[in-house]
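Participant: Residues per chain are reported as follows:
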Amino acid sequence: MLALLWIELNKIFRRPRTYIAFGAMAAIVWLIQLALYFDGQAYVDLLLSNLSGSFEFSDLFKTQLLNGYLICFVILNTLLIQMPLLVALVAGDAIAGEASQGTLRFQLTRPISRTQLILVKFLASSVYVIALLLWLALLALLGSVLLFGTNDLVVLRSTGIEQMQMDDVFWRYLAAFGFAAVALTTVAALSLLLSVLADNPIGPIIATMSVVIVFTILSEMNIPIYDTTVKPWLFTTHMVAWKGFFYVQADAEGTTIRGSIENLPAVFRSLVILLGYIAFFLGISIYLFKRKDILT
Amino acid sequence: MRIHLFVLLSLIGLAGNAQTAEELVKSVKSKLDRVTNYSATGKMKTNVIFLKAPIAKVQVYFKKPNQLRILNEKGISFIPKGSMNMDLSQLFIDPAGFDLLDLGADKKTGWRIIKLLPRDPVSEVVLSTIYVDAAVGLIRRSSTTTRENGTFELEMSYGTFAEYGLADKVIFSFNSQEYKLPKGITFDYDDGSGKKSGATGKPTKGRVEIQYTNYQINRGVPDSVFR
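Chains as they are written, first to last, in our numbering: chain A, 3 to 298; chain B, -5 to 221.
It should be emphasised that the hints constitute simulated quantities derived from the structure, not laboratory data.
Built from N, CA and C at the ideal position, the CB exists for glycine as well.
Treat the hints with caution; some may be incorrect.
Dumping the calculated DSS-like pairs for lysine-lysine here, alpha-carbon to alpha-carbon at most 27 Å [as the list claims (entries may be wrong)]:
(1) B:K177 x A:K64
(2) A:K64 x B:K37
(3) A:K64 x B:K57
(4) B:K58 x B:K37
(5) B:K51 x B:K68
(6) B:K163 x B:K23
(7) A:K64 x B:K102
(8) B:K57 x B:K177
(9) B:K177 x B:K199
(10) B:K101 x A:K64
(11) A:K64 x B:K20
(12) B:K51 x A:K64
(13) B:K174 x A:K64
(14) B:K163 x B:K51
With the C-beta cut set under 10 Å, the calculated list includes, among others, these residues of chain B facing chain A [claimed, not checked]:
(15) I49
(16) K68
(17) F72
(18) V130
(19) R134
(20) T140
(21) N143
(22) N169
(23) E172
(24) F181
(25) D185
Computed footprint of chain B on chain A, listed as stretches where at least three residues anywhere in the stretch have a Cβ under 8 Å from a Cβ of chain B [unchecked claim]:
(26) 101 to 110
(27) 127 to 139
Assemble the whole structure, with the sequences as input and the hints as a guide.
Facilitator: The following block contains the structure:
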């Protein structure tokens, strides 16, 4: 099984197009960092415009606010919505790519079961997801910290502001990246399922993208009838729960409680739902693949 | 007859000892005038309905006549507008600039309530009210209404530096404006709990509490601190 996984990983990482995703991510991160490095004050002014009636903001405050932790948070907000599309490029290709190249039947002549093959394909896609996230952590977190330094993290929500002390932030990023790995693995599992159904990788890749886009739009829409009926069951609703690690609890006087998470059960619920989706997609994939006529 | 005489003499005695508003303000001001500059370390607690913030270690710098700066060098602190008014000597920069109105003693605390009415019709401060503890010559509470920034209230507790009129603990209340940002900018995550933030989106009262731990009085503060 490990040898098989190694072969699959070799396949993925030897393909030049795999690195398109890494290149695209680097470009986006660097563009955001560059823009904020040279024009960060304008961005901070925009964020603080609503608060200038109540507080006075010195240049020192603005410089402190625009630190590596905040930049990383901005990048994650922007990129983690787009990353499912990059994951689909690899996971959607896993079975359908082999089918279109005519190598799938050959693969199954080896002494491995169809279940094993699907599991290996899934594990390889998961490793790719983790590699992408490590790359993102390196660029967005480490890169921003090196460029902008560290300080307290201030997260602006639509109706409130969350402030965390500098030494209470790093573990939140570790947790958020871990959660993002599960969220993106859900997309990989969906893409793999769609890949099982097709003989050409374009179909599952586009289908995954379409599902993610439609579900994301539904998740973001504020229509009361969807809020309680549809949204709680869309995996895209739960994929953004990583942000929950950056919402803190406060005491009665509004003082941040160190190391706290505002709604930890909700984050766990989202995690369980995503894991459920992964198991569901993977189960269906195995079920369908075992009954599939492999003609190519 | 003896009792009546005693009461009468006591009242005359009391009237003789009771300070006028002018005298009280003068005694308060004389304490504050001993300080030309100071730097102090303190712990700042911010209580605004839409803000969750940790307790911050701050450095407070003051220089006469009216320079005050609260700095958090190691972290981020939201400093309310009008924090300048945290220093009481602001009230008395121009001693001839206001009329005094003595409202007598507060029934609960016994503190003398004195209103300071600026003579300048276009002064930024519209009205100040101070609650003076006449026994020690210290302002315990004040309320200042300004043209531009609403009303600020101060509550002071004194300790080691009472002889300079400097408080160990200051509670500064201010008007905080409404806060609301579009979700398109903030990328909020809805955890499905339906729990609303405490923020009403309407102006409310905010509160900043500074517990001073150390004052360095009249040892000089560089101008660069206030830039």
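Participant: For this structure, which hints from the list above don't hold up?
Facilitator: 7, 8, 10, 11, 18, 19, 20, 26, 27
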